[in-house]
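Spelled out from the first residue to the last, the chains are:
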Amino acid sequence: MNIVVCVKYVPDATADRHFESDNTVDRVGVPGLLSELDEYAVEQALQLKEKAAAGDDGEDSEVTALTVGPEDASDAIKKSLQMGADKGVHVVDDAIAGSDALATSQVLAAAIKKIGEESPVDVVICGMSSTDASMAVVPAMLAERLDLPQVTLGSVIESQGKEFRIKRDGDTSTEVIGASAPLVLSVTDQSGEARYPSFKGIMAAKKKPQETWSLGDVGVDAGEVGLDAAWTAVTDTEERPPRTQGEIVTDEDGSGAKALVEFLASKKFI
Amino acid sequence: MSEVLVLVDHVDGKVRKPTYELLTIAKRLGEPSAVFIGAGDKGDAVVEAVKKYGAEKVYVVDDAQIKGYLVAPKAEALQQIAEKASPAAILIPSNSEGKEVAARLAIKLGSGLITDAVDVAASEEGEGPVTTQSVFAGSYTVEARITTSAPIITVKPNSAAPEESEGAGAVEEFAAKISDSAKKAKIIASQPRKSSGRPELNEAAIVVSGGRGTGGDFSEVEGFADSLGAAVGASRAAVDSGWIPHAFQIGQTGKTVSPQLYIANGISGAIQHRAGMQTSKTIVAVNKDEEAPIFELVDFGVVGDLHTVLPAATEEITKRKG
Chain A
0 MNIVVCVKYV PDATADRHFE SDNTVDRVGV PGLLSELDEY AVEQALQLKE KAAAGDDGED
60 SEVTALTVGP EDASDAIKKS LQMGADKGVH VVDDAIAGSD ALATSQVLAA AIKKIGEESP
120 VDVVICGMSS TDASMAVVPA MLAERLDLPQ VTLGSVIESQ GKEFRIKRDG DTSTEVIGAS
180 APLVLSVTDQ SGEARYPSFK GIMAAKKKPQ ETWSLGDVGV DAGEVGLDAA WTAVTDTEER
240 PPRTQGEIVT DEDGSGAKAL VEFLASKKFI
Chain B
0 MSEVLVLVDH VDGKVRKPTY ELLTIAKRLG EPSAVFIGAG DKGDAVVEAV KKYGAEKVYV
60 VDDAQIKGYL VAPKAEALQQ IAEKASPAAI LIPSNSEGKE VAARLAIKLG SGLITDAVDV
120 AASEEGEGPV TTQSVFAGSY TVEARITTSA PIITVKPNSA APEESEGAGA VEEFAAKISD
180 SAKKAKIIAS QPRKSSGRPE LNEAAIVVSG GRGTGGDFSE VEGFADSLGA AVGASRAAVD
240 SGWIPHAFQI GQTGKTVSPQ LYIANGISGA IQHRAGMQTS KTIVAVNKDE EAPIFELVDF
300 GVVGDLHTVL PAATEEITKR KG
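Read top to bottom, the protein sequences are chains A and B.
Under numbering that gives the first Met the number 0, the residue at position 189 of the first sequence is numbered 188, and the numbers go up by one with no gaps.
Under numbering that gives the first Met the number 0, the residue at position 212 of the second sequence is numbered 211, and the numbers go up by one with no gaps.
Okay, chain B solo, but in the shape it has when bound (with noise of 0.2 Å):
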């Protein structure tokens, strides 16, 4: 059987969730083995974290010499493992750098690109993966499939749901041949995000959200979203008010977020924000406009003013949760 590449997503060598959910697609298309870019030290950290989700092999390519350059290196790191490797499918994490580092290595390789999928299933003809993906702020659903070897397919967080399955974990240090030309754009300063000790907003299985309607104070809404173990996001009203960072933001521009349930308050539901939400299972909102657009997607709706519905529900929940 073929490798299907997944490129694994970490930080400092922590694996992120998303890995292994492309390692669980992964295995529909062929024998995942994963590639770690990353802190040569962490390898042996990140191939005990991987096996267990099914990857046979682990392609550790230590970045000391590319960890301080944006994107470029990473996409050539990728094309030497895959020229050697030649895969049946290259599975990328679709955030925006995992995207960035498609899009380059789609030309090197001469593949197909396919961005945002929210589901990969193996073709039945053999003629290779058939990908669904949500467009039009999630008014169509699109089947495509890419038409040469070696397809390069970005996927969107919480697509699969993880399976453990033991594979061998067979560790391959890769010594990556990275240009001069890859390291022209250099990352001068990072700055990790602080932890909000909130579930991350692509991860969670519950979001609740605030906008405009907030007037500024977001502590009602995250008094209500630790209630219920949700992130917190917010429209980009709210951020473009300076309320709250944009890493926050849920809609075009910012995240799109498909959880289990969706809480809006005080967002008038506006096509750049439902672009980013409409996927999700259960939509609620909370808006003391009844005639917010938000009310055409609900499934249950509040009309009245957060800022005495959030906390009183808030109240309640701690209650019956004891």
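With the rest of the complex left out, here is chain A (with noise of 0.2 Å):
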């Protein structure tokens, strides 16, 4: 099997993330790493290669680690070959600076093609949304752009062969989702944890092929993207006054559980 993880570089939302002057995330000056939802799509994808390897037939699979962002991104695509990924793709181009989901999304598309040229793709896989712009756009915009099945937010993912079957927590019910490969899926935290690389994963990665793509190597206009092509202009970012903390009580014999509802009725709240 063919396997395509698309992976981002995103700021570490435990550092003090924030926007440039020109309203774009900084994506520089904030330590950044692998998306952690992505972490569980690498998963998933090398779980689909054991599986196929430990069927009757063997099967051979490559997984390649998919990525569209500034020089510091090859480091989301370091760690998915550490995991246990086979190649790298990083499409890198100036251009690509400020684009939108859009934009990106007709990156990614482009660059899975191309991918595909040599032996087509047969699943493309992703996490259920960044930890930067929490979207959650980007993999239904690859099944449009691709035409391929959308099989997405899966909390569960089995498959037989060609034939994939998720489980998909809606917001009003559980459903199971079937379609066949070549298709885009989607998985999210509850698919199970992911791997961390062994150290004979960290050794290996570094001997691992690397491809480093421009936006002519995928065939896209550089005018088509960025942030002067977005569709959507950021007018105004303004950092929220941090919140100040209130009073905060020690429960001692019950004297918690009354100011506690002292306070809810204070504000009307019983």
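Bear in mind the hints are in silico, worked out from the structure with no lab data behind them.
Just so you know, these numbers come straight off a predicted model, no measurement behind them.
All residues carry an ideal CB built from backbone N, CA and C; glycine is no exception.
Any given hint might turn out to be false.
To be verified - Covered by chain A, per the in silico footprint, the following chain B stretches (three or more residues, Cβ under 8 Å):
#1 63 to 74
#2 111 to 122
#3 128 to 138
#4 143 to 153
#5 181 to 187
#6 283 to 297
Take the two lone chains and join them into the complex the hints point to.
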């Protein structure tokens, strides 16, 4: 199976995330890493590969970690390779900076098509959402652009050959969604703990093939992406004033419950 | 005035509250048109419901041909309606399915897309609506605008107070043409989520949640929630431990809530959780650990064991309510 896992390099959520003067996310001045939610996607990609290898015909699979982002985004590839992906593709181009999700999905789709030139891509796997913009729209956009079945937000992933089934916890119901590969799959953080890179994995990653492609390499016109081409314009970003800590009481012999109820009553919640 | 399309959020024809919020917002931007994609025989009841909140027109798309498929057919139906109506904006509920419909629709129409808006206002210069979003775990507020025609905005629940105002509710049966390609991802089985009898997490005015500190027993959290008429939520730690289903999870990978009152019990307040509740109006926490980061956010906090504090508070509230 030819598996592509899309990964994103994001500002560390525990760091001081902020915006640049042009209202884009500062992706350079804040320490970044592989988006935690994409680790689950890498994990499922590796499990698919392992399952195919363990099958009757012992099928050989290749897992390609694909990212679009600035120079440092290669860190997201590196982590994926350390976890066990076979090769990395990094689309990097100054013109991409400031792209919205629509443009990003266009670049990803073009890169996936190029990866598929050698042997067709069977499964594109994504995380459920990035941890920075958190739009959760790129998997659906990829399905639309690549005209592939969209099998998204899987908390349980089952496959038999080319047939896939996922459990999807929706807003009002839990569904089982089925489709045949080639398809776009996205997985949630309920899909199974992501593995840690082993020492062996870290050493092996250094020798794995990594390619760097420009927009020209994937056949996307620079004028179609980036901040100026974005169909959305951020007009203002404002840091919310930090919440000020209110009263903290320590419970002694039931005083905590009394004080709590008093507080709720004073705010007219009771 | 141009039409503003609102995708109706419903379960089997029962209209959900976010629909009324979207219609209320749509009135600020133009003439609200509701789009109901569902069982044709539920159309009349939906029309009655949405016209009370200002729907001038209701597109009824009978979903008999498409209900067994995920997302893609809905995007195609909306595309065909939008191409006919040339709307000033398209408003979609910001839940997981709504965002995916919006994502596909944006590509089909060549429209800009903004997700998770918490407010939408008409712009003074007539340049298209201005949205407000809460980002980076609620630490920033972002104002943005879509620069294409037919902007698509997904709006979070509780972003507007629904305002009743009678609309004409003119019905237009719309026969959407659905491609074979949109039918490639099938819904094989569907299990409606059981109602807990409590308010829905996204819509509740008060949310009481429990975390690792419950030790797996949510009965005290639930009892306290019931005394306040609140919804029950949980941290990821509680969900990962298998104590409560994922549908109750509040945080980055669960639901984002913004109630009048949020009470976190036995929850440390990791960034993953804060992302889902930081914009609540009033925040209260009960935690044994006085160093728990959740206390940095609270308007009121109790350092104590939830297993003793909550039952005592529940009893006191019940007594006061008589």
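Against the earlier hints, flag every one the structure doesn't satisfy and list their numbers going up.
-> Every hint satisfied by this model.
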